[in-house]
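Undergrad: Single-letter residue listing:
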Amino acid sequence: MRQSFSSAMPETGDTGVLTSVPQTPVALHAVARVYRSKAGPVTALAGVTASFAAGTFTAVMGPSGSGKSTLLHCAAGLDRPTSGEVILAGTVLRGLSETKLTLLRRRHVGFVFQSFNLLPYLTAGQNVALPLRLAGRRPRRDEIGAALAAVGLDGRAGHRPAELSGGQQQRVAIARALVTGPQVIFADEPTGMLDSASGHEVLSLLRRLADQQQATVVMVTHDPAAAARADRVLFLADGRLAGELADPDPRTVADRLAGLTADAGLRTPDGPRSPDEQPAGGWPAQGRAARGLAGAVR
Amino acid sequence: MKGLAWRSALDRPLSLAGSFVALALSVGLLGAMTLTIVSAVSGTRLQPHWFTRAAVVVAGDDTVSVTTGTGDDRETETVRTPAARAVPAALAARLASLVSAGSGTAAVTDYAGYGQAAGAPGQAIHPWAAAGLHPYRWVAGGPPDGPGQLVLTAPARYAPGQPVTVQTAAGPRRFTVSGVLATPAPPAFYATGAVARQLAGNRISAVALTPRAGQDAAALAREARSDARGLPVQVLTGDRRALAEPDPDGDLVAVASALLGSAAGVAGFVSMIVLAGTFGYAVAARRRELGLLRTTGATPRQVRRLVLGEALITGAAGAAAGTALGLVIAGPFAALLAREGFAPAGLTIHVIFWPLAAAFGAGLLIALGGALAAARRAGRTRPAEALREAGRDRRVMTAFRWAAGPAALAGAAVLFAVLGGMHSADGAALVLPIVLLLILGAALLLPVLIRPLAGLVAALPLAGSRGAAWRLARSAAAGSRRRTAAVLAPVLLTVAFAGAMTAGFGTFSTATHRAAATRVTAPYVATARSGPGLASTGLAGPAVARLAAAPGVAAAVPAAVEPVYVPAGGEPDEWTGEYVPGPQAARVLRLPVVAGSLADLTGTGTVAVPAGRWRVGQTAQLWLGDSAPVRLRVVAVYASQLDLSQTVLLPWALHAAHTGTPLASAVYLRLDPGARLAWIRAAAQAAGAAITPTARYLAAGQSENDRVSRMAMLILLGLALLYTAVGIANTLVMTIGDRRTELAVLRLSGATRGQVLRMLAAEATLTTTAAVLLAGLVIAATAVGVRAGLAGWNPAVPLDLPWAAAGAVAGACLLIALTATLIPAALALRERPAAAAGLAA
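First to last, the protein sequences are chains F and X.
The first sequence lines up with residues 16 to 313 when you count with our numbering.
The second sequence lines up with residues 814 to 1654 when you count with our numbering.
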């Protein structure tokens, strides 16, 4: 893992605005995100303050529409908050151009989605090498091999995603997220599409990263068993922090979650809370419809 | 990024196939056109055929030049006239003396009086001595030995000793065939020198000189030049001798080049729009993938380069295929043009490298140009936005579209005003830019117009329009505006282009001909009867006199049309000169004279002009059709209307001295009251003429003019339709792939396969109809605008809406859209819906 901050003191740029705060992997301060939509402004995040220390594994949970994914996106620099400050890898994100944000992410952040993580026309090895190539580097063969071996997939470098199972695809995605040796790893429901054995392996990998590599791991999940593998669980409801639980176990986590869900149901009996939840003007979103139907079928 | 671009492109061959085909077609057409033009131009290499045995040829001038500026800024614009001036007789005598001292036939004075006969080729009567200027051999008989004898050129239907009637400038003349010869030179008739001179009206067309023994051609040429100094002649040697020979194909090459040039321009424009649409849709459909790249660490610039890289790959592949295609179709293409009379017959294609390279390069530029906007949009993909599942697309109407759309429409409005203010037939050149601007504006504003258009069409009373299929179709079309716009644009483009161009040019053409029709008050027109093997050229003087003397004819007014050249803006502008006898003209013509009187158009020093440039009494300086400069006194001024704005009237007596074919192309007849048409017809028959009612005569002239424009229009339409087919098919095939899930969800919700197909058909129909409606607006705007622009200063401008053309094209587009929708859909629907919806266990 690379250390990249040059000094331990906060720095300000030419205009006196804070630009870097070393030794802070991820921190959010009063971050809010409001979307414009046809039905009026939608508040996904309503002022969240949190910080994540190095070498920790944090789970973020909450009912549907609580803003978990939005929190992750803002923290990772994938989305710009409407107000508030985000510090990522010791750098203040406000005012950075798209290109600078991208460069920062490339060096310090790994991101794993729930699905559609890999480019279908590249082999597993080429997918893993992608961040390095984008940075203009030619990766060494053993570098890729080591990355794949770390997720238990050595020997699969030449396979296309279509030839791998869902769990294997997810592991390739994790290998890609880790190949640059990032300080911070964000994972958005990484085990949602996996069977329990694969999910278990992925969580163990994340756990190892936090413990042995001092990475900062932030994971969004809805599965209490997965959340229990983390050091602490942050609960979100209606775009705000609604509690924290240290040293979680599955039963307690499930109870807290159920309580939050019930409360949310009482407060707003209907009405969407984020653009993802809005009914699209034409057709329902493809994956969403499929998931809904899948739920009914299963 | 290159490797990524390669793999990404290869992964989606189907979606790039449409762009590939469109580009290959464009480049193929561009290559074929360029090769044809270059071959035609280079094929007109100068080479004498008639004067091959004479080293030096002295012929009359046939160029008109205007020089502007002084010193270093001097600029001269030169135009070649179709006819040449006569060589002065005194000069001919002097030139003969240069070579005649003693040895042989070294100087030939050539005449080329008008002559035509059925069954024998040739358009002119030359003196027998001219046969010595080029190789020949006898097929039958021998040279003429008397004034009544004539030599023909093979293949001729006469044998020596038979009589032949030749139409000449002095009327029909009977000869006896003395011989038939075969020659590689252009075919002609040969009579004795005296007869040839008389039938040519003493007009010397050229003097051909062969050097004496011991005299070389260059020295001879120098002497000839010094003798000819100050006279309107040109002294030609070597290949330039061909300039003294008639060049029937010269015009054609210019016409073909102009036509193909515009076709190439339209092809490039349309294909760039089609490609922009397909690339834009492809980028929008790949939002997730591009977002993934962004989260993985691709900067906006890298994403832009990826899209451009893919475009370049598609472009290179398409351009390469297109170049090969161009080579293949260039031959048949040139043959088609030659058959329709747009290119010289016997045009062969030379395979030259640079036109093909240019076409290839153009293909690359088109691909990149079409992809620019899409690449920019791709670079702006926000990682977070792309991770969202939303099925709606946002912000299709960018600020650019809001600004550029109305700007394009405003530009068209400005051009309409300019067209109206021009008061000249040159305004027709503005129709193409106007149409393109209107289409551009409509295409840019498409997304905004989709919802109201969809609503409008769906509100039409159609069978089953309350059914589920129709309502779903309407929501789908209105909900995914980018996709709908990508299908609408090619249809709009084609139907609007076809209809608006037809409307615009058609209005100009019809207005011009209606205006011309109001000029002629004579009820009948006599023209030369064209028999088998005889091209109709005109009536000679004796024939006109016979018509005038016929019982029942009150007036027979001859008229001839030749080009004249007027200095305008530093270059000689080609106008039309109509020769008529002034005093009689008023009996058969009605011109909007605003000053002076047509009756004063007599002698050889007068002219009548359109308003705006000269006033009555002033002297007009211009050049006649044989490049002779004249200074004429303006005796009448008429209103400058569409058919008159670039026409001058010249006195009839001026005609014969300045042309090799002093014939009347039409004779306007005014009849006595109570005259019997049968008498007139009989007299005309005897004079070798045919009588036509004026209306029919003018209509025939209009349809011949229109044939050229119609052919040009067909070529452009064919092009546009071809691209539309590719554009529509490509978009629909791409979108079906993306909508598989959507359709599967429909089926899981309870729709049968048939219902899904009906919904898709309804959507295709809805979209195409909406596009046709929008195109109809563009067409109507063009027709109304052009009409308004012309009506202020012309009589009788009709509102010309091209129902047939637009309807046919619209029908074709609907057919293409339905086919391109239903076939891939039927194929896609064969999958089990659960699998398609991504629910594989």
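Keep in mind that the hints were calculated from the coordinates and are not lab data.
Treat the hints with care, as some may be off.
To be verified - Label-pair distances were calculated between CB atoms; the ranges are: (1) L118/F x A1171/X: 39 to 45 angstroms; (2) Q227/F x R1114/X: 35 to 41 angstroms; (3) S98/F x A1226/X: 20 to 26 angstroms; (4) P56/F x W819/X: 51 to 57 angstroms; (5) T1211/X x P56/F: 19 to 25 angstroms; (6) G181/F x A1226/X: 28 to 34 angstroms; (7) G1074/X x R153/F: 46 to 52 angstroms; (8) H174/F x A1171/X: 43 to 49 angstroms; (9) G181/F x G1563/X: 50 to 56 angstroms; (10) P56/F x G1268/X: 55 to 61 angstroms; (11) W819/X x Q227/F: 55 to 61 angstroms; (12) L1527/X x L118/F: 55 to 61 angstroms.
Claimed, not checked - Sample of chain X residues with no beta-carbon within 10 angstroms of chain F, all distances over it, derived: (13) T1109; (14) A1111; (15) A1197.
Even glycine gets a Cβ: it sits at the ideal position worked out from N, Cα and C.
Undergrad: Confirm or reject each hint.
TA: Hints and how they fare:
Distance hint for L118/F and A1171/X: a CB-CB separation of about 41 angstroms, consistent with the stated range 39 to 45 angstroms. Restraint check, Q227/F to R1114/X: a C-beta distance of roughly 36 angstroms satisfies the suggested window 35 to 41 angstroms. For the pair S98/F and A1226/X, the beta carbons lie near 46 angstroms from each other, so the given range of 20 to 26 angstroms is not met. In this structure the supplied range 51 to 57 angstroms is violated for P56/F paired with W819/X, their Cβ-Cβ distance being about 44 angstroms.
T1211/X and P56/F have their C-beta atoms about 22 angstroms apart, which keeps the hinted 19 to 25 angstroms range intact. A hinted range of 28 to 34 angstroms for the beta carbons of G181/F and A1226/X is inconsistent with their spacing of about 59 angstroms. In this structure the hint that G1074/X and R153/F lie 46 to 52 angstroms apart at CB holds, the actual value being about 49 angstroms. For the pair H174/F and A1171/X, the supplied restraint of 43 to 49 angstroms holds, since their beta-carbon distance comes to about 45 angstroms.
Under the hint 50 to 56 angstroms, the C-beta atoms of G181/F and G1563/X, about 29 angstroms apart, miss the expected range. In this structure the supplied range 55 to 61 angstroms is violated for P56/F paired with G1268/X, their Cβ-Cβ distance being about 28 angstroms. Between W819/X and Q227/F the beta carbon distance is about 38 angstroms. The supplied range of 55 to 61 angstroms is therefore violated. The hinted window of 55 to 61 angstroms between L1527/X and L118/F holds, with their beta carbons roughly 56 angstroms apart.
Residue-level check failed: T1109/X sits 5 angstroms from the nearest beta carbon of chain F, not beyond 10 angstroms. For A1111/X, the non-interface assignment is contradicted: its Cβ lies about 5 angstroms from the closest Cβ of chain F, within the 10 angstroms cut-off. With a least beta-carbon separation of about 4 angstroms from chain F, A1197/X fails to lie farther than 10 angstroms from that chain, contradicting its non-interface assignment.
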